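Trainee: Sequence:
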Amino acid sequence: MTTINKKKVVFIMGCTGTGKSKLSVDVGTQFPSEIINSDKIQVYKGLDIITNKIPEPKRHGVPHHLLGIIDDPDMDYAENDFCQHVLEALDMITENGHLPIIVGGSNRYLEALVEDPKNEFRSKYDSCFIWLDVSLPVLFDYLSKRVDEMVEGGLIEEVREAFVHEADYSKGIRRAIGLPELHKYFQAEKELVEDGEIYKEDLLRDCIQEMKDNTNKLAALQLRKIHKLREELGWEMHRIDGTKVFETVLSGKLAENVWDEIVLKPSLGIVRSFLNLNVEE
Numbered sequence: 000m001t002t003i004n005k006k007k008v009v010f011i012m013g014c015t016g017t018g019k020s021k022l023s024v025d026v027g028t029q030f031p032s033e034i035i036n037s038d039k040i041q042v043y044k045g046l047d048i049i050t051n052k053i054p055e056p057k058r059h060g061v062p063h064h065l066l067g068i069i070d071d072p073d074m075d076y077a078e079n080d081f082c083q084h085v086l087e088a089l090d091m092i093t094e095n096g097h098l099p100i101i102v103g104g105s106n107r108y109l110e111a112l113v114e115d116p117k118n119e120f121r122s123k124y125d126s127c128f129i130w131l132d133v134s135l136p137v138l139f140d141y142l143s144k145r146v147d148e149m150v151e152g153g154l155i156e157e158v159r160e161a162f163v164h165e166a167d168y169s170k171g172i173r174r175a176i177g178l179p180e181l182h183k184y185f186q187a188e189k190e191l192v193e194d195g196e197i198y199k200e201d202l203l204r205d206c207i208q209e210m211k212d213n214t215n216k217l218a219a220l221q222l223r224k225i226h227k228l229r230e231e232l233g234w235e236m237h238r239i240d241g242t243k244v245f246e247t248v249l250s251g252k253l254a255e256n257v258w259d260e261i262v263l264k265p266s267l268g269i270v271r272s273f274l275n276l277n278v279e280e
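Residue numbers for the sequence shown follow numbering that gives the first Met the number 0, so the first one is 0 and each next one is one higher.
Hints in this document: simulated from the structure, not taken from any laboratory.
Watch out, some of these pointers could steer you wrong.
[Unchecked claim] No farther apart than 30 Å at their CA atoms in a straight line, the calculated lysine-lysine pairs in the DSS-like style are these:
1) 227 x 252
2) 6 x 21
3) 224 x 199
4) 199 x 189
5) 199 x 21
6) 227 x 216
7) 123 x 227
8) 252 x 264
9) 170 x 6
10) 144 x 123
11) 170 x 7
12) 170 x 211
13) 21 x 189
14) 123 x 211
15) 189 x 227
Remember, it's a predicted structure, so these values are computed and weren't measured experimentally.
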């Protein structure tokens with residue numbers, strides 16, 4: 000089947016914490032590109048630490064779409080909303096003559112975008128799926144480390160400012176891992192006086208551990224979904240194994256050279272081939 004008249008789109012997929020945002024920017028700086036966020040929590044404004052939005056300086060000038068576009072923290076951002084926004088962004092990016100790079104971990108939303116006939120996605124776009132994979136035991140250790148770093152970076156203070164006693168954690172940005180887990184801690188913080196300090200410290204430690212456990216569960220769920228897209232729906236994915244990068248990070252060593260060699264270099268080669276560019280260019 001010829002794809003000569005189709006517009007090209009790159010997808011960067013993977014579990015939470017595998018480096019998708021970094022890879023999207025690294026690729027985006029090598030081609031005239033614009034990035035579309037496909038994380039259903041990062042579409043909401045605010046709580047940048049807990050939602051892991053890529054900071055402006057790390058975007059290196061590559062335009063980003065669908066980041067922090069929803070003001071109402073309780074609004075349900077459904078698959079249809081996502082598909083509509085992505086299709087609008089795709090039209091804008093391709094009209095600019097740029098390569099769209101769709102990146103994020105909400106794989107159910109990606110399935111809706113690609114597979115729902117009403118979107119006519121497959122008839123309009125030629126897709127390249129890059130799957131950034133990391134061995135789960137290694138990824139679990141890294142994700143726990145990342146939660147600790149988020150706490151050190153001000154996560155508790157960020158969530159405290161957004162705390163609502165009667166919050167509904169089943170919708171909107173409040174579904175983000177960290178908000179429901181910390182609810183009981185902030186509730187105790189408001190109710191207990193000084194003689195409850197030891198209890199609150201223990202409670203906070205338990206809440207942070209629950210965040211780590213739930214983040215690991217999310218990663219495992221995302222991996223199962225990726226396997227379903229590949230094996231049951233036939234998505235042809237280019238798997239990049241980034242495990243060695245994270246082993247290097249966990250050992251306390253600098254991993255940039257390892258990243259460049261085993262993740263970035265092959266990814267650039269895949270994109271160049273997809274765009275029918277000379278690999279030497």
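Trainee: Below or equal to 30 Å on CA atoms is what counts here, so check residue 224 against residue 199.
Mentor: Given that 30 Å is the threshold and the Cα spacing comes to 37 Å, the pair is violated.
Trainee: Residue 21 and residue 189 were given as a pair; does the straight-line alpha-carbon distance stay at or below 30 Å?
Mentor: violated, 38 Å
Trainee: CA of residue 227 to CA of residue 216, is that 30 Å or under?
Mentor: Holds, at roughly 17 Å.
Trainee: Mind checking the alpha carbons of residue 6 and residue 21 for me, to see if they're no more than 30 Å apart?
Mentor: With a Cα-Cα distance of about 24 Å, the restraint between residue 6 and residue 21 holds, given a limit of 30 Å.
Trainee: Holds or violated: are the alpha carbons of residue 252 and residue 264 at most 30 Å from each other?
Mentor: With a Cα-Cα distance of about 20 Å, the restraint between residue 252 and residue 264 holds, given a limit of 30 Å.
Trainee: Take a quick look at whether residue 144 and residue 123 sit within 30 Å of each other, Cα to Cα.
Mentor: violated, 41 Å
Trainee: What's the verdict on residue 170 and residue 6, does the C-alpha distance respect the 30 Å limit or exceed it?
Mentor: Outside the cut-off at roughly 34 Å; violated.
Trainee: When you check the alpha-carbon spacing of residue 123 and residue 227, does it fall within 30 Å?
Mentor: The given pair, whose Cα atoms are some 23 Å apart, holds under the 30 Å limit.
Trainee: CA of residue 170 to CA of residue 7, is that 30 Å or under?
Mentor: Violated, at roughly 33 Å.
Trainee: Is the straight-line distance between the alpha-carbon of residue 199 and that of residue 21 30 Å or less?
Mentor: violated, 36 Å
Trainee: Are residue 199 and residue 189 close enough, with their CA atoms no more than 30 Å apart?
Mentor: Roughly 11 Å separates the two Cα atoms, so the pair holds.
Trainee: CA of residue 170 to CA of residue 211, is that 30 Å or under?
Mentor: Distance of about 21 Å is within 30 Å: holds.
In summary, the numbered hints that this structure violates are 1, 3, 5, 9, 10, 11, 13, 14, 15.
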